[in-house]
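Trainee: Residue numbers (UniProt numbering), protein chains in the order written: chain X, 1 to 293; chain V, 1 to 390; chain C, 1 to 234.
These are computed hints drawn from the structure, not numbers from a lab.
Honestly, I wouldn't trust all of these hints.
[To be verified] Pairs of lysine-lysine, DSS-like flavour, derived with a Cα cap of 30 Å:
| id | chain 1 | residue 1 | chain 2 | residue 2 |
| --- | --- | --- | --- | --- |
| 1 | V | K77 | V | K331 |
| 2 | X | K116 | V | K331 |
| 3 | X | K116 | V | K218 |
[Unchecked claim] Just some of the chain X residues that point at chain C, by a computed CB distance under 7 Å:
| id | residue |
| --- | --- |
| 4 | M54 |
| 5 | R158 |
| 6 | T160 |
| 7 | V161 |
| 8 | G163 |
| 9 | Q171 |
| 10 | T175 |
| 11 | R177 |
| 12 | S182 |
| 13 | I274 |
| 14 | L277 |
| 15 | P281 |
Note that beta-carbon positions come from the ideal geometry of N, C-alpha and C, so glycine has one too.
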Amino acid sequence: MLLQQVINAISLGGIYALLALGLAIVFSITGLINFAHGELMTLSGYALLAALMMGMPLLPAAITAVAAGALAAMAMERVAFRPMRGASVTSLLLTSFAVSNLLKVVFQNAISARGKPIAMPDWMAGVVPIGSFTIGVGPLISIAVSALALLGLELFLRRTVMGAAMRAAAQDFNTLRLVGISANRVIAVAFLLSGVLAGIASLLWIAQRASVDPMMGFVPVLKAFIATVIGGLGSLSGAVAGGMLLGVLEVALQALLPPSLAPYRDALVLSGIIVVLLVRPNGLIPAVDTARS
Amino acid sequence: MLLSHPTIGRLVLSAAVTCALAAPSYAEDILIGVATAQTGGLAPYDQPSLAGFRMAIDELNAKGGLGGKYTAKLAIKDTRTDTAATITAVQELVDAGASIIVTPCDADATIAAGQITVAKRIPTLTFCGTAPVLATAVGDNLFGTYPGDNLQAAVIADHAYAKGFRKAYLLVSPDSSYTAQLPEYFAEVFKKKGGAVVGTGSFTMGQPDFSAIVTAIKALPEQPDLIMTAAYEPDFPAFIQQLRAAGVTTTVYGADAIGTATVQGLGKLVDGTVYTAAGYPTPGGALEAFNKRFATTTGHAAESAYEANGYEIGLILDAAVKAAGSTDPIKLRDAIAGLDKLPIVTGTITYAGTNGMPVRAVSLIEYKDGKPVYIATQTPAAADVPAAAH
Amino acid sequence: MLEVGALQVRYGEAVAVEHLDLALPEGGVLALIGANGAGKSSTLAAISGVVMPARGSVRFGGRDITRLPPEQRSRLGIALVPEGRRVFAALTVAENLTLGGAMHLDRAARAVRAEEMLVLFPVLRQFYRARAGTLSGGQQQMLAIARALMARPKLLMIDEPSLGLAPKVVDDVFDLLAALKASGLTMLLVEQNVALALDLADSALVLATGRVVLAGPAPDVAASELVRHAYLGH
């Protein structure tokens, strides 16, 4: 039971971490909190649905879904955010709300206001026996995918020139341009990465909820936002830590609270976060000082 | 103050125009305000309901209008599953002179709408809100149309007990009266019959992660024979997906809100899940005939009993206008409250002697191999139906 | 090599540089002198592309680059060591050097160039895998110059290299700049320490409130009444 809950917490925390990273990577470079990140997830979800309906096997369909998220993220940057380059954080935030709402309406009108079922294959609903009890395959896959995605991102950021450029951009975008690295390219890659992360998170989210609907991005983007704030806005390792902490808090309270107190769960989670922020106002792992244009 | 002649002339003229507008004419209209959720979480219920309701109004207008006399005009607003938007929409519709208000398939939104309509006692009918409290929370102008939660729960509990289930786990959410109370009504009836509740779990509507609840169910010292919940989309698919993924095979029972295409589309996941509806299209039955007619008229198949229920609201209003002989909201309210055994698509509906939640039959349906399979239609004995909670 | 004509730089209503002309031949070293706010850094910013001039033109190697974004100017061979050094603190010394040449050299050429930098700045070898933020001020200044040199620039602009450094370290930095000059590198230098700057430079411009008040060969400028009084304390 305890082990199972620990796995649940890591699994949920992993998804939150991916989501928070997607927000943080764009924020660290452009100062934009992209609330349309949730709609990237929704779009990936619909891409997965379309691919499965066309008869694609799960793996290619999943890759299609992630690619759709990545492309949509880059398109979003090109169409909505590039013209706003250099605008204040508030204007950017409002733009992202507008994009988010617009996409929701487009999904409602062009696809359906109602949920579409996506049933996961049977093997994902299997269990692995460990000693006297069993652990679901789903959470294990979720943990494995999150871990691989985090590892992949870490390798990209540490081992490639573009990765180093992204980390440098988070600190000092103007100086990066002075050494010849194109702002458009770095920002496009940041959005691409956030789209990939949204796509992967979307797959894991859908594997849990078994349906796609136009509003499905709202809750995750909210959680991701909370996670990035706990972790330290703009800090990538902070986003991961914040996501994990949020997942652990949610599962722990769900598991430990008696039913009579259950309605207060979200309030307690948020109170816990306020306590974290009181102790560490800049988040668990604050971002380094940034000189942003 | 003395008025000059031209001014008096204008006053007389405008008074005459006003009289002409207010005077009864042979082609009189009745304005029906429809403030329902065509987008958001309630869309799976309000969309089909509205489609059925529109069909009824079109048919009635073709036959001369409601009560054969008043052409019905629909003013339709999307409330986006948002309570504030519902209140705004209803206020606008009331201001526009609506004689009747139709509200979302949700007790909470309907009660919010009732706060506005109660002043003029405008009859306010929910598409398929089922919490019995909605009929008594504000005033006597609010009416349910779908079988109430307590009615549905009594039928489900009866069926579960008859099937040999004795131990139930309840999954509730305090976020709506439907998800909070329907399982409790079930428990009340189930315990009275001799069953027991071995555990209760609570979720937040829209929460993606049910793993902690599923783990708690797996770890129960006494394993339940069934899990009773009134969760719906997107929570129901998420819950059952994660329950099955964790290897728990316990039967899950729900209520009317899981009678949707999305839940049916879950296939194997929902095998053995029993739910309720206002009726079932048995071959040769009236509901099947209605569904055929619906498909021909609208160009798409009815996917649930909500289309029929929406249509039945049209029939209820027609009967009420006929009885009242007027479009006056208060007379209409009294007429609805007096309807007794009105024949509708799925049987009859009675408001006379109730506090606003109708007496009507409930059908039990089970998902098998991705298809709804009919079990039975029952009208529980009044003594078996738990009293409405507040 | 560099020609700036009738340059005007403004930030909203405030004019930072007014009608500035300068010419810098290949291999030459030009010093910009002036008090705080005289418009020195704004001139560098307009040449590097960080700000777009309101009026005037910037030509480099015969080409009009007035409207090019900074990254493209960098690729043409203009490098700026910004005021306050601006090394990428969270990145290692190695990564800072890599980024300096990322757009100019391929992987192999970058490695060769980085090795050259380590020979030129031995202290960087010692901290090669350390985060740049952990280096001392002088070491960060060395890194900032090395990062700029990674691209094998044709024009090196340096903004206040001595700022905040110990006298001994300032000497080291200027020794290095002298060596770069000797190697034939064209340089544009902004420096508070006027004596050091005029010692290094071939020619100099003196700016006051955004305008050129004096221009000429470095020894003449050093000998002028204005500079002797205002900057050299004679």
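Trainee: Can we keep the P281 (chain X) interface hint, with Cβ of chain C closer than 7 Å?
Mentor: With Cβ-Cβ at 21 Å, over 7 Å, it is violated.
Trainee: Is the shortest C-beta separation between Q171 (chain X) and chain C less than 7 Å?
Mentor: holds, 6 Å
Trainee: Does S182 (chain X) pass the interface hint, meaning its C-beta sits closer than 7 Å to a C-beta of chain C?
Mentor: Where the cut-off is 7 Å and the nearest Cβ of chain C is about 5 Å from S182 (chain X), the hint holds.
Trainee: Are V161 (chain X) and chain C close enough, Cβ to Cβ, to be under 7 Å, as the hint says?
Mentor: holds, 5 Å
Trainee: Would the hint on R177 (chain X) stand, with a C-beta cut-off of 7 Å toward chain C?
Mentor: Result: holds, 4 Å to nearest chain C Cβ.
Trainee: With chain C as the partner, please determine if I274 (chain X) meets the hint condition of a C-beta pair closer than 7 Å.
Mentor: Violated - the Cβ of I274 (chain X) stays beyond 7 Å from chain C, reaching only about 29 Å at its closest.
Trainee: Once the shortest beta carbon distance from R158 (chain X) to chain C is found, is it less than 7 Å?
Mentor: Violated, about 9 Å.
Trainee: Less than 7 Å between beta-carbons is the criterion; does T175 (chain X) satisfy it with respect to chain C?
Mentor: holds, 4 Å
Trainee: Does the structure keep K116 (chain X) and K218 (chain V) at a Cα separation of 30 Å or less?
Mentor: holds, 29 Å
Trainee: How about G163 (chain X): closest beta carbon in chain C under 7 Å, or not?
Mentor: violated, 9 Å
Trainee: Next pair to validate is K77 (chain V) with K331 (chain V); report whether the Cα-Cα distance is within 30 Å.
Mentor: holds, 25 Å
Trainee: Would the hint on M54 (chain X) be counted as holding, given a Cβ-Cβ threshold of 7 Å to chain C?
Mentor: violated, 41 Å
Violated hints for the displayed structure, listed by number in ascending order: 2, 4, 5, 6, 8, 13, 14, 15.
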